[in-house]
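K.L.:
Just need the whole structure built from these sequences, with the hints factored in.
Protein chains: 2
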Amino acid sequence: MHTEPTTFSAESYFATQPPPPTLQQDVEKVREFILRQQQQGRNVVLVTSGGTTVPLELNVVRFLDNFSAGTRGATSAEYFLKAGYAVIFMHRQFSLQPYSRHYSHSTHPFLDFLDIETPTPTTTATEDSTATTPRRISVTPNEHDALLDVLTAYKKVHALGLLHTLTFVTVDDYLWLLRAVSKEMSALKRRALFYLAAAVSDFFLPRQKLSEHKIQSGKGSLHIEMDQVPKILKPMVDEWTPGGFIVSFKLETEQSLLLPKARQALERYGHQVVIGNDLHRRKFEVVFVSKKPLPSLPPGIQQTKEAVDHAADSSNSFDEVWLRIDLPETLHPGFPVKEIEEDIVLELVKRHGEWVDGSA
Amino acid sequence: MHTEPTTFSAESYFATQPPPPTLQQDVEKVREFILRQQQQGRNVVLVTSGGTTVPLELNVVRFLDNFSAGTRGATSAEYFLKAGYAVIFMHRQFSLQPYSRHYSHSTHPFLDFLDIETPTPTTTATEDSTATTPRRISVTPNEHDALLDVLTAYKKVHALGLLHTLTFVTVDDYLWLLRAVSKEMSALKRRALFYLAAAVSDFFLPRQKLSEHKIQSGKGSLHIEMDQVPKILKPMVDEWTPGGFIVSFKLETEQSLLLPKARQALERYGHQVVIGNDLHRRKFEVVFVSKKPLPSLPPGIQQTKEAVDHAADSSNSFDEVWLRIDLPETLHPGFPVKEIEEDIVLELVKRHGEWVDGSA
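Residue numbers (full-length UniProt numbering), protein chains in the order written: chain F, 1 to 360; chain V, 1 to 360.
Bear in mind the hints are in silico, worked out from the structure with no lab data behind them. There may be inaccurate statements among the hints.
Identical copies carry no separate label here, and so any pair may be met within one copy or between two of them.
Simulated pairs of lysine to aspartate or glutamate, DMTMM-like, Cα-Cα distance not exceeding 25 Å [stated by the list, open to error]:
hint, residue 1, residue 2
1, Lys234, Asp112
2, Lys29, Asp202
3, Lys29, Asp112
4, Lys155, Asp326
5, Lys231, Glu57
6, Lys283, Glu57
7, Lys155, Asp112
8, Lys209, Asp115
9, Lys155, Asp145
10, Lys156, Glu143
11, Lys291, Asp112
12, Lys209, Glu225
13, Lys231, Asp26
14, Lys209, Glu254
15, Lys291, Glu11
16, Lys209, Glu342
P.N.:
Spelled out as structure tokens, the structure:
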């Protein structure tokens, strides 16, 4: 594996790496979903969620992964649905999903709040017949109402056909799907919102460098050399889905890198919002970074390309809005009083609404 | 990261790598569990399950992982419980678990088989009061009986205290826990069974080589160089838990490597069984590899070290027993008619029973 690293543009990536086998049928279902939403005049958000993998072998035994349970994406998808959006939820296989996320098999297993009602001897002779009632499953009383709320929302969303789920595993699946879905969503013009919360690998192994079988460990140490994943936000903005409102995420472990890296991404790719979050503070603090609105011009006069470039170049041309959730010191120390995704989605729905109106 | 690879023995590994912070309290709970089982004369099996990770950064964003949903381990644990064993289920966080495994959020989500019973208008005037009945959750009729079976087994196992669950994430967590639990299980002598089904990384990054923060991608390609994980089966057999019946697994993608690698492992580590499985055939075919029993000697005469070594050296000293499950061509093509873990566990319970008797 000691070949020279290759630098892939988005174009050369898609020209040389094979698409996932189910891409075509996935895309057709997305197209139908979008068409239905379009007919109802609904806004549609693509939520990406969970981490991507980079397989080290063709017959996958080992892979590089990015840390993400998919909490941000699954939670946000629920709030987007609550706000009336249709949601394409594109997530890592087995990562958290809207609604079922409340009942993780590890932290809140559903088997623990199901009871078996056994027929009990009754006090009145007339009800003797219950003695032959078969055993029946019921929901533990103190969990019943919370589950009823989740279940009601879940059933409503499915009955109305507002949630479409796609799964990916590898970073290749992710890139191919993202491009295809973005192109389909371009039909929605400004009604399309992109909420790119997935934790996407910065590196990958081109197919040409993949070993076919499990790497054997008898040979001392393991050397891996990976190439950079192509930057896809730029072609996404310029080519795949012009008009879409695109929100990306920056996760850092060094707080000081958050703002510079968010600003750099906006400069480079020209999309609408970067949401910055620190790995250890992400449950209660995020920052929305966006370009400052251009100085207002008399109505009817269009912004020139030069004015836009000028504003972008100035060192003071970014808006930073911090969202913070209180951490109560009592009750559940360290746990926020609410889900910060509720506020993130509210803020985005507002901004996206202005974006949609702006094009009217 | 271009330092020389270090070769770690189990001893040097545990002397230089830090233990997980919760190790001590985990071990105390295991000790209590084992003591309770011992008082009841029960056999105890340690089932390890799921893949281990190798974090590439101290503040984990990226990690190397081993492919495993934990199906083999979770399914086997259920059959061991059914066979009367007490089970220590040591699994990767969020991997499949016994009982809840039947209701994966992705393939068989439990929200899909819960109904909301809404009060319906009744036909007789006397039952008018039902109109005010609050909405109530019930289980979809055609899922009810299967869930009742799972729930009944789950509740019984918990009521009797026969299942103890431990979680790991990293290969370091795994190694430290395995050593500590094995040492605790040595109190059970031959009643201890080890079923090492976890997919453990062959490589790791020693703490001294870990980068503190997220690796930045601006610098071209990613180079990773990892050291070999120490071989721990040998000290496990010789020192940690003498008397235990130890079963390890070999997963290969090249069928031709299966038997040679299984035999090699038995020669090197001296444990009881290697179960070999091919990545693509593991749901319906496995092979049990073990040393042939020594030629029988007159009763009262002990096997000498020399006789044992001689038998081990001979090229013909291995037993290979294949377990295969039929793949019906109709109904569900490609799906086995039963879970192969049922047969694997039956075979091991038999062999372990003989092992326990042999020491009596």
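K.L.:
Each hint: holds or not?
P.N.:
Against the structure, the hints come out as follows:
no. : hint             : result
1   : Lys234 to Asp112 : neither (47 Å within a copy, 40 Å between copies)
2   : Lys29 to Asp202  : neither (29 Å within a copy, 41 Å between copies)
3   : Lys29 to Asp112  : between (36 Å within a copy, 21 Å between copies)
4   : Lys155 to Asp326 : neither (32 Å within a copy, 39 Å between copies)
5   : Lys231 to Glu57  : both (24 Å within a copy, 23 Å between copies)
6   : Lys283 to Glu57  : between (35 Å within a copy, 21 Å between copies)
7   : Lys155 to Asp112 : both (22 Å within a copy, 9 Å between copies)
8   : Lys209 to Asp115 : neither (53 Å within a copy, 50 Å between copies)
9   : Lys155 to Asp145 : both (15 Å within a copy, 22 Å between copies)
10  : Lys156 to Glu143 : both (20 Å within a copy, 21 Å between copies)
11  : Lys291 to Asp112 : neither (49 Å within a copy, 43 Å between copies)
12  : Lys209 to Glu225 : both (10 Å within a copy, 17 Å between copies)
13  : Lys231 to Asp26  : within (23 Å within a copy, 44 Å between copies)
14  : Lys209 to Glu254 : between (32 Å within a copy, 19 Å between copies)
15  : Lys291 to Glu11  : neither (27 Å within a copy, 56 Å between copies)
16  : Lys209 to Glu342 : neither (43 Å within a copy, 40 Å between copies)
Of the hints listed earlier, those the structure fails to meet are numbers 1, 2, 4, 8, 11, 15, 16, in rising order.
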